[in-house]
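Using the sequences and the hints, build the whole thing.
Same order as they appear, the protein sequences are chains Y and D.
At position 33 of the first sequence the residue is numbered 33 (the working numbering), and the sequence of numbers has no breaks.
At position 366 of the second sequence the residue is numbered 1366 (the working numbering), and the sequence of numbers has no breaks.
By construction, these hints were calculated from the structure, which means they are not laboratory data.
Incorrect hints may have been included.
Stated by the list, open to error - Output of the computed footprint for chain D on chain Y, the stretches with three or more beta carbons under 8 Å from beta carbons of chain D: (1) 220-230; (2) 436-449; (3) 477-485.
To be verified - The following residues of chain Y were derived to be distant from chain D, with all beta-carbon distances above 12 Å: (4) G77; (5) S123; (6) R416.
What the hints assert, rightly or not - Per the computed footprint, the stretches of chain D lying under chain Y, defined by three or more beta-carbons under 8 Å from a beta-carbon of chain Y, are: (7) 1012-1026; (8) 1099-1113; (9) 1217-1231; (10) 1430-1442.
Idealized CB from N, CA, C, for every residue including glycine.
So the chains spell out like this:
2 protein chains.
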Amino acid sequence: MNERVSVIVASNRGPVTFEPDANGELEARRGAGGLVTALTGALHEAEGLWVSAAMSDGDRAAARAAPGGVIDMRAHGAAYRLRFLDIPADTYDGYYNGISNGVLWFAHHYLWDAVRAPSFGESDLRAWDDYVAVNQRFAEVLAEEGGRQPGRPVYLVQDYHLALVPRMLRELAPESLIAHFSHTPIAGPTYLRILPTVMHDGLLRGMLGADVLGFHSQTWAENFLMSSRSLPGVRADLARSRIGVDGRQVLVRTHPISVDARALRESATEPGARRRRREINRRRGNQRLILRVDRLELSKNIVRGFQAYELFLRRVPSWRGRVSFLALLSPSRMELDAYRAYAEECLAEAERINRELGEPAWSPIDIHVQDDYVGAVAAYGLYDVLMVNPVIDGMNLVAMEGPLLNRRHGVLVLSRNAGAFGRLGRYAVPVNPFDIGEMATALETALDMPLGERQRRARGLSRLVLANPPERWVGGQLEDLERARRRRTSAQTS
Amino acid sequence: MNERVSVIVASNRGPVTFEPDANGELEARRGAGGLVTALTGALHEAEGLWVSAAMSDGDRAAARAAPGGVIDMRAHGAAYRLRFLDIPADTYDGYYNGISNGVLWFAHHYLWDAVRAPSFGESDLRAWDDYVAVNQRFAEVLAEEGGRQPGRPVYLVQDYHLALVPRMLRELAPESLIAHFSHTPIAGPTYLRILPTVMHDGLLRGMLGADVLGFHSQTWAENFLMSSRSLPGVRADLARSRIGVDGRQVLVRTHPISVDARALRESATEPGARRRRREINRRRGNQRLILRVDRLELSKNIVRGFQAYELFLRRVPSWRGRVSFLALLSPSRMELDAYRAYAEECLAEAERINRELGEPAWSPIDIHVQDDYVGAVAAYGLYDVLMVNPVIDGMNLVAMEGPLLNRRHGVLVLSRNAGAFGRLGRYAVPVNPFDIGEMATALETALDMPLGERQRRARGLSRLVLANPPERWVGGQLEDLERARRRRTSAQTS
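Printed below as a string of structure tokens:
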């Protein structure tokens, strides 16, 4: 007995943000990435609702102008509705910079120097109150909107920003079907205990309010299971990937996300991308090209990547002048001291290597720090080696975008600690991101790889990415929820 | 059908070290701690053998003077034999400073700043070769000595220095009964993967050569089970705490070690300790005393401990001048840069706090950096609060020694991340070692605690420590091995 469902997505950042155009009219600008594509597609089909925090004055203005604060996106070419939450700036700062990015991101990516940091104090507890408040606000609006939908509401709650929402929503609307998806890694139990108890327990119990918890990789799912196991009254069954809590069952599932191949390929054929491709090609001359595309993010391991390249050039000097390393880095979280410091370290390390190994007609590293999606799309077509060596990464979409657009049978050097490794590892040259020697060897292996082998791997990568379109990622979650609903119904009637 | 067993212990450092006395005669000096007591007791009963690396010229001289290189300890008042391995200094350096303390200790204690360190390179791989060579040497001597024993040899291999020995010994003497015990924490699977693959897999498979793996806490045992689970061909059963590998079963067991109460109490009554106790008492006047006793070790969390005390004094200024913090710190691993830097940070932080909060007649922190076991034993008698706040700790014996010798119903402030917390936590004031605010509150709670409550807790702690004498720790391991033997025999005959 199927009934109609209404899909409601919740995420910190919305699928579009509104900015005034040249005429002062509010225009919706779409975010990039497979997540938005996948979820927009699902909402489109279900004529669903997306709930997000307002990011700009344009967002707030669009919300004010909409009846009941709900923006009908049909006016912007998509059949779903959008509701922005207007959160006071200082509360948002505590929730977003203080906890989400300043604490939870660090925990899940193992980014602390535990001998010295973190040191939690009163300001962190105040920021935690903000985090709780914003999550509560989301839960209230989700419950309220759920009651207004034509069908039974099905919630897709996104990421670590909203980890408390499932439990809060469950309390407000106990019969809800709730999925929560984590796009980050999940710290194992020992590391997660770095968090103050109120955060550690709050986070885990918050997520356990869901019917289904989704992760990009089995490793993250297992880390969550093991962490939950330490909470009183929680039974985590590792073999069946299932958790019993408060008389309910929580499914723990792995759904690796992928990229939107069609949109990506379209963007690569646009005039801007073509022009940039010609520029990069001219500049590289007949050198081989190693590429990295990353946010300037602590977890991306940019400095060790340069050091591995340096070691490679010192070990095999015959490659000097015949290869170039193009690093396209977009600024990220520059509000946080640690990110500014890391950005400077990346630049300084590239400069040092260029100074020590460069020659009048050749510079080993070409580093660009700016938001430059078009440049990245252009460069993807041209690399011989794509270096994706994060310390740890929930998934990593660069490892998928590159192979999809590359035209030179380029080789993917991929960290074993990226969620993407589970899917793509067998066609990549695997590296331990802490092992400079292994990464240097991987660059040499990749550059020396015979054409046939490169073709085989490049085809394999692009086939794997295409085989897992973003719709499947959402579809899998909706199926999980449907299964949860059936199990719940049969438990109630038996 | 029991047969006679011969116990053979292997550890990096021996139970005694030989130094020439005033007459130039070699004298055996015993190491301190429950481990030596427990194992010496077991060997004494079984007239067993202890195999260790020679630490001094005295050790080498004693070995040369002994027939077959095996020292009969009856000449030194103990009925066991001792064999020292003479390892070349540079090999020992790679094995001990390079890998054991420079890599494995950091991994198991989560001490890296993963954004920047470690960066593995060729020198680490050379050090790994040394580590393999020393482990191989141990395994060969153990196999050789095992063949010479009157009974069936039973091996008790100690700690992370000798993680490869079980597998190597199993290859040389497949029927051996081998236990390995880890005195450190064990990193969870995500963190352990920081190690280069050759080390990561080598370490896990090395330990899996044992019949029984022992840990101080359930958390470390589970981390090992989860890490092993990732290896091809290994089946880890978390619920039964058992691992299947190479057609064998490996038991994973928890045996928390304790301290030797009698020896400790004796040392507290010696004249030197009495004198020091009087000195400390005079100095404290009518102030309350917070004590910490630690190696100057990255994992001990000394800086955050001072900062928590500072926060407490700022929050509750009425305590200024009425309390003093005595920090007895013994230098440790000063060959490693990271340890020297940390020692300086500890001193600088204490100085800063004394400068900012001190008054002409009162200094908040009294810090001593020296090897001073007698001073520690004396101070244990006198504390009102014992601060044991490691970032992470395999067990932590200070948390046991203190309550056993304290005479003031002192309160134990204990990190939830110490292995000892599993046994003692319910009588301690628990703290998250990363949470300055919680640690400051814990100090206040401990100092304000009513006498009756302090008495109840102090009695509880001392009862728990006494209830678990070191003999039981060894006994449990020997029982595990006997169980493994029976299971193996019945598997062979069935």
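Numbered hints the structure breaks, given as an ascending list: When the structure is compared with the hints, numbers 3, 5, 6 and 7 turn out to be violated.
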